[in-house]
Amino acid sequence: MIKRWWNSRTARKFRQNRLAVVALFVISIYIALAFVLMLGGFISLETSDQRIGSQVLPGFLGTVLPQKRLDNALDFIDDVDRALNNRDPEQALGELTIGFRSVAKLPQPELRKLVDQGFEKYDHLAPILDELADSSQVTTGQLSDETATELTELEGIVDQLWPPPTGWQATKEGLALVFGTDRQGRSISMRAVYSVKVAIQVGVVTAFISVLIGSVLGTAAAFFGGVVDHVVTWLYTTFASIPNLVLLVLLAHMFTESQFENTLVPVYVAFCLTFWIGPCRVIRGETLKLKELEYIQAATAIGFSRPYIMVKHIIPNAAHLMLINFSLLFIGAIKSEVILSFLGLGVKRGPSWGIMIKQSGQEVVNGFFWQIGTATGFMFVLVLAFNILSDALQDVFDPKHV
Amino acid sequence: MWAYLFRRLAYNMPVYLGVILLVMAALRVNDPVYAYLGKNVTEEQIEARRESMGLKEPFLAQYAVMVKQIATLDFDTMSWRQQGTTVGELMSKAIWPSLALTVPALILTSVISICVSIIAAFFRGRTIDRSLVVIAVLGMSISFLVYIIVGQYFGAYLLNEKLNTEIFAIHGYKSGILNWPRYCLLPVLISVIVAMGYDTRFYRAVMVEESNRDYITTAKAKGASRQKIMFVHMLKNAMIPIVTRISITLPFLIVGSILLEVYFGIPGMGQALISAVTNQDFPVVQAFTAVFAGLYILTNLMTDVMYALLDPRVRLS
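Chain order of the listed sequences is A and B.
Sequential numbering of the first sequence, starting at 1, is according to my numbering.
Sequential numbering of the second sequence, starting at 403, is according to my numbering.
Simulated from the structure, these hints should not be mistaken for lab results.
Backbone N, C-alpha and C fix where the C-beta goes; we use that ideal spot for every residue, glycine too.
Just so you know, not all the hints are guaranteed correct.
If we take Cβ atoms under 8 Å as the criterion, some of the chain A residues that face chain B in the derived model are [said to hold, decoys possible]:
{"id": "1", "residue": "GLY174"}
{"id": "2", "residue": "PRO243"}
{"id": "3", "residue": "ASN244"}
{"id": "4", "residue": "LEU251"}
{"id": "5", "residue": "HIS253"}
{"id": "6", "residue": "MET254"}
{"id": "7", "residue": "GLN359"}
{"id": "8", "residue": "SER360"}
{"id": "9", "residue": "ASN387"}
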């Protein structure tokens, strides 16, 4: 059967479209990644929320400016200083970790000495940088040699306090820092990858349920006609008469202060109740058309029951529309998630591309594009792949469609 | 014509009544008074609030009040958060900034994307056409929000910094035609750019389909110039799908205006709705969603009228 499908006209036509095959491949990678994440691999919700370095660190392409390097060093030294001043320094130092690094296993007086050295260097360097005009824009090349070496020495002290990880851990740290960090010092790449899970979850669940509701109501309305048709038509015109976002906001608002508030349930419900209209309308139209065709009339004449005809003849012949609608709704869900999250009604716990884009608003004002760029990039690839896929599906199944 | 219009109206009435029913029911799933007052209030306060809002009446009585308010356009319920203002006052204040944003955006988007799509159809299959299609697909894959954030940065922050004057305001709104470019032009431009991706692709497909029709061949054979065929013959016949498309873009426009209003601090309907939602301001949420839906149905009605004007056959069916 698989072989027959593989050689069918539609499958062959689809395979001819190289771009669509690539798109399908990209989508499967995303879905596989989401599955691994769902099973608890790679990144958990907690690690994506952890601080792994200093704040707003640029990613692999950016060069860290001296002012930023100085601040970073101070951040790291400050943490050790605070732990040393704790009532129980031993324990505080043991608990202190930033991302993949923890404090060097040195005796406390030695740590204290390093911290003091670090502060001394900082106190010396800070005024020098401050005196330079437009200090936040100065590059390392513009510094005098003396200052540059001193800055490197300061970073050497930080490395002594926080020994850089080795081997596999070093690779992991490199990957976590590849797109930099956000305003809370969390890894942007980790958050973006974790968001794949959220996006695929929201996309698959809402697209699947919406298409299911839409197809059941659509086929039933067209096939049985009469009262059923009137009710369904009235229902979808009613839902369609509320602008999409207003309906989403209204439905998401329904769940505030309820027990589902911190889960994805409000998002699912809002999306499903909004998105079922499209497939319902399309599939109702298609069924109306199919119903008049001769083979359906023949099946009725032979004496098959109506549910049998519906399941055996009508649904398979409208299935391509369900597939196309699924992929269109997937895009809609991912894009709407961003908008809802921005309005504070979407994903509440953990990262998502919407939350990341929302948070990046304040960073962009300061000219920091890593977070918005990464989230958009991840989303762009997935949405583009789905756009290409749905175009290809439309070409294959429904060539006359405009 | 009048009979047709009346028929459409009669068809939309039960739909709108259904919308109001849906909105009111959805807002009562979760007790609005409880959500607004929080957990640390006495039973009496909750009861008093419920009494004043008429929430203790049977649902049908509340429904009748709401329908009456909408029919007479007299929203005299008090807002919960903004003491001393009625919902109607809030609405009449908010509607003008929203219109200042959406109407120019709609007109600009339609005109520009129709022109671009005619260009694409004119050069069908050539580099210009292909690159336009690719740009449209790529542009569609980026979130609206990213356009807003990046557009605000480059259009307002960076430009102002480079030129040392404020051409576009970063945030805020002032009414008046002279203030319009400063506060509204940038949001309108952003929304035009976003909508272009969707519209151009669709209009191009319409134009390409029209250009394969027989009457175009006839016009060519008759010796009409290419420009005349494009703008006179084709555009006129493509008007029906274009009008449909404009009515389809309206909800997108509303979405866009809500986001733009929130982000650029324009005190329109969308911003009022969103802040009412976050503040649990129940009467405002209820009235605003109902009015949003009403406006939406009205525009759809206008599209129907446009159809009838463009294509006399529609009136009869």
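Hints, verified against the model:
| no. | hint | verdict |
| --- | --- | --- |
| 1 | GLY174 | violated (27 Å) |
| 2 | PRO243 | holds (4 Å) |
| 3 | ASN244 | holds (5 Å) |
| 4 | LEU251 | holds (6 Å) |
| 5 | HIS253 | holds (5 Å) |
| 6 | MET254 | holds (5 Å) |
| 7 | GLN359 | violated (11 Å) |
| 8 | SER360 | holds (7 Å) |
| 9 | ASN387 | holds (6 Å) |
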